[in-house]
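Novice: The lines below spell out each chain.
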Amino acid sequence: MYWVLGSRFLLETDFVSGFIRRSLGEGGFRVQGFRWEPPTETPRAYRATARLLKTAHRFSIFHFPAYFCTMLNAQQLHYSYDGTHILRFPDIACAAGEHWLLLGQSGCGKTTLLHLLGGLLAPRSGSVQVAGTDFDSLSTAQLDAFRGKNIGIIFQKSHFARALSVEENLLLAQQLAGLQPDRQRAAELLQHLDIGHKMKSRTDRLSQGEQQRVAIARAVINRPKLILADEPTSALDDDNCAEVVALLEREAAQTGATLVIVTHDGRLKEKFTHRISLQPQRP
Amino acid sequence: MNLLQLSWKNLTFKPLSTLLNVVLFALGAGLISLLLLLDRQLEEKFEKNLAGINLVIGAKGSPLQLILSGMYHIDAPTGNLPIEECKAFLRPGHPFIEKAVPLSLGDSYKSYRIVGTDLNFPKLYNASLREGRLWEKTFEVCVGASAAERLGLKLGDAFHSSHGFVQDDNLVHTDADKFRVVGIFNPTGAVIDQLIVTPTQSIWAVHAGHDHSEEEDEAAREHEHAHPEFDLAAPLHEQTDRAITSILLKFKARNVQTLNMQRSINENTNMQAATPAIEITRLRGLMGMGAEALRVLAFVIIGVSGLSIFISLFGSLRERRYELALMRVMGASPFRLMVLILSEGVITALMGYALGMALSHFGMEIMARFMQDEYRYTFSGLTFLQEEAWLLAGALGIGIVAALIPALQAARTDISTTLAEG
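So the protein sequences, as listed, match chains A and B.
For the first sequence, the working numbering begins at 1 and goes up steadily by one.
For the second sequence, the working numbering begins at 1 and goes up steadily by one.
Just chain A, same shape as in the assembly (with noise of 0.2 Å):
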């Protein structure tokens, strides 16, 4: 049993203190006599161990099952655009399988925070690991290549292979993350969002909230680890919104990814518990 519970916070050393931190108490208490004291590091023994079984688990000498992995973890995130201005963004981490909301206003860095989660900015402190993975041991082609097989990543706004078809655009996912394009599996996928008759249309003749359902099945027909979604919903009304976050939900659950869903459509923070508040970043 430790064993299992350990190997879940044992690939983040940090993480561990501050595990133990939030389970005990900031402050320590006192127990008939008995003084607790949370600890300022990890201790040692974890340390140790830890890194043994990352070190196993990069050389595939062993694989953590899914879930006890954190799948996503993000710590001491800061980012900067011009270098004096800095962006602060709270710690998360999300396990396998686990589908979290990251809420936030308008200018509070949503979209900056999913694009340092998606690996697609370098964040000017701080660290993204994905499944084990540092994106900070990863050189670019690497992480384009990671990020091909590990991540599919929603946007506001659908964008598509401008010649393709529909089936084409999925296929060219497939193929740039290095795997055997599946006709079947692109069918399957379109039929399951119900726009299996659009196949071989032009991306540009889609309605826009079919255009986001090419967008999910895109996202998800690499059975992604991670889905990362950025205001999915912001342009729909209240009906489609439900029936997309209920797709995304689903097809998250079917591959068995993590969703984290950065909006800050308030109507979502019933449907999901397990959320982050992003807070107004102050100057």
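Bear in mind the hints are in silico, worked out from the structure with no lab data behind them.
One or more of the hints may lead you astray.
Unchecked claim - Anything over 12 Å on all C-beta distances counts as not near chain B; from chain A, calculated: (1) R51; (2) A93; (3) A95; (4) T112; (5) G126; (6) G132; (7) S137; (8) A141; (9) F155; (10) S165; (11) N169; (12) L172; (13) Q254; (14) L268.
Said to hold, decoys possible - Derived Cβ-Cβ restraints for the label pairs, each shown as a range: (15) A56/A to W8/B: 43 to 51 Å; (16) T255/A to L385/B: 41 to 49 Å; (17) L20/B to N240/A: 52 to 60 Å; (18) A48/A to D414/B: 34 to 42 Å; (19) Q254/A to D414/B: 28 to 36 Å; (20) F314/B to S234/A: 27 to 35 Å; (21) Q180/A to L404/B: 25 to 33 Å; (22) D204/A to L4/B: 32 to 40 Å; (23) W8/B to S137/A: 49 to 57 Å; (24) W8/B to K269/A: 45 to 53 Å; (25) E47/B to Q180/A: 52 to 60 Å; (26) L404/B to K269/A: 48 to 56 Å; (27) D414/B to A56/A: 34 to 42 Å; (28) L404/B to K157/A: 25 to 33 Å.
Just so it is clear, CB atoms sit at the ideal spot from N, CA and C, and this is done for glycine as well.
Use these hints to put chain B onto chain A, whose structure you have.
Specialist: Relative to the frame of chain A, chain B by itself:
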């Protein structure tokens, strides 16, 4: 959906702009290839037909015309050369001359030229007989390979010659004997393929009628079949009352005397002598200026087409920046985006090259038909040159250069900023 397919889809997504680029490139490449083809084939024709001839002697006039008519059989002959004047060259045993071949031109059959000459003429071009034999008496002809094929002449066929080089029923020598085909040459690639060759005396016999009055003509006609005065055995240089058109000379060696011979003929006699190599160089120089201008034009067109490829790729980058950023998001490395754009440029250039080659060879084939009809010269659009492989390499190079800057730009796409914009 690999990168090449994607490039192709992107190109066909903008068919008009792609078509413009391809056609521009095809024009440039086609023009260069056509010039190369023409140049090479003309050079080959000129080389082959030089046949080791050092000097051509004919009546006064344009030396270029003398060469063109006497050696290449394309222009009209300069005039008559009385044997009285030129017998010195025809007489065997001249110290400098290895071979002197007399030519009598001016008649034709269905616009294929009939050349009156002696048995040395086929030897100049190493023409061997495919069938039949060489002539033994007047009015016997041996026919060049392509002439025989185009005219459908077989051994034993007979025809009336016609005056001049155009086919005109009024100019047919109906009063003279018919020529009879006794031999057909193998193809040589030289001008003799296009000619009908007969002894000089045949030409004299055909024209014998013109000089006489009508009564004499009647009388002459009675003896026609005998032609006692046209004895092939009698040496030409003794028939001083007759005339020929020109003499092709082959020297034993080129030296000061032979150079002087040309000058002294031109200065001291009513004849003129011309050196084929010099005249052809002059002709090629004249044509060369036109060819040079065309070549420059072709390179300008290719340059413009490269620029056009560059501009359309660069322009499309702006429209496609989201798409490119998305491809990065989906796992394409910057290098793959670069390859994508480069291959769009290269595919355009290669299509242009292919179309250009098709155009130039097709055009050459059409010109070959035209020249066959007009000048009796055979060219072909189906020969391919080594230079065309270089042209292919050049096309690849231009495609790459034109696409390089857009490709680098695509590789440098900042995904975050681009996606945040849209």
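Novice: Evaluate each hint against the coordinates.
Specialist: So, going through the hints one by one against the coordinates:
no.: 1; hint: R51; verdict: holds, 30 Å
no.: 2; hint: A93; verdict: holds, 23 Å
no.: 3; hint: A95; verdict: holds, 24 Å
no.: 4; hint: T112; verdict: violated, 8 Å
no.: 5; hint: G126; verdict: holds, 16 Å
no.: 6; hint: G132; verdict: holds, 19 Å
no.: 7; hint: S137; verdict: holds, 16 Å
no.: 8; hint: A141; verdict: violated, 4 Å
no.: 9; hint: F155; verdict: violated, 6 Å
no.: 10; hint: S165; verdict: violated, 9 Å
no.: 11; hint: N169; verdict: violated, 8 Å
no.: 12; hint: L172; verdict: violated, 4 Å
no.: 13; hint: Q254; verdict: holds, 20 Å
no.: 14; hint: L268; verdict: holds, 21 Å
no.: 15; hint: A56/A to W8/B: 43 to 51 Å; verdict: holds, 46 Å
no.: 16; hint: T255/A to L385/B: 41 to 49 Å; verdict: violated, 59 Å
no.: 17; hint: L20/B to N240/A: 52 to 60 Å; verdict: violated, 43 Å
no.: 18; hint: A48/A to D414/B: 34 to 42 Å; verdict: holds, 41 Å
no.: 19; hint: Q254/A to D414/B: 28 to 36 Å; verdict: holds, 33 Å
no.: 20; hint: F314/B to S234/A: 27 to 35 Å; verdict: holds, 33 Å
no.: 21; hint: Q180/A to L404/B: 25 to 33 Å; verdict: holds, 32 Å
no.: 22; hint: D204/A to L4/B: 32 to 40 Å; verdict: violated, 23 Å
no.: 23; hint: W8/B to S137/A: 49 to 57 Å; verdict: violated, 37 Å
no.: 24; hint: W8/B to K269/A: 45 to 53 Å; verdict: holds, 47 Å
no.: 25; hint: E47/B to Q180/A: 52 to 60 Å; verdict: holds, 59 Å
no.: 26; hint: L404/B to K269/A: 48 to 56 Å; verdict: holds, 51 Å
no.: 27; hint: D414/B to A56/A: 34 to 42 Å; verdict: holds, 37 Å
no.: 28; hint: L404/B to K157/A: 25 to 33 Å; verdict: holds, 31 Å
Checked against the numbered hints above, the structure violates hints 4, 8, 9, 10, 11, 12, 16, 17, 22, 23; every other hint is satisfied.
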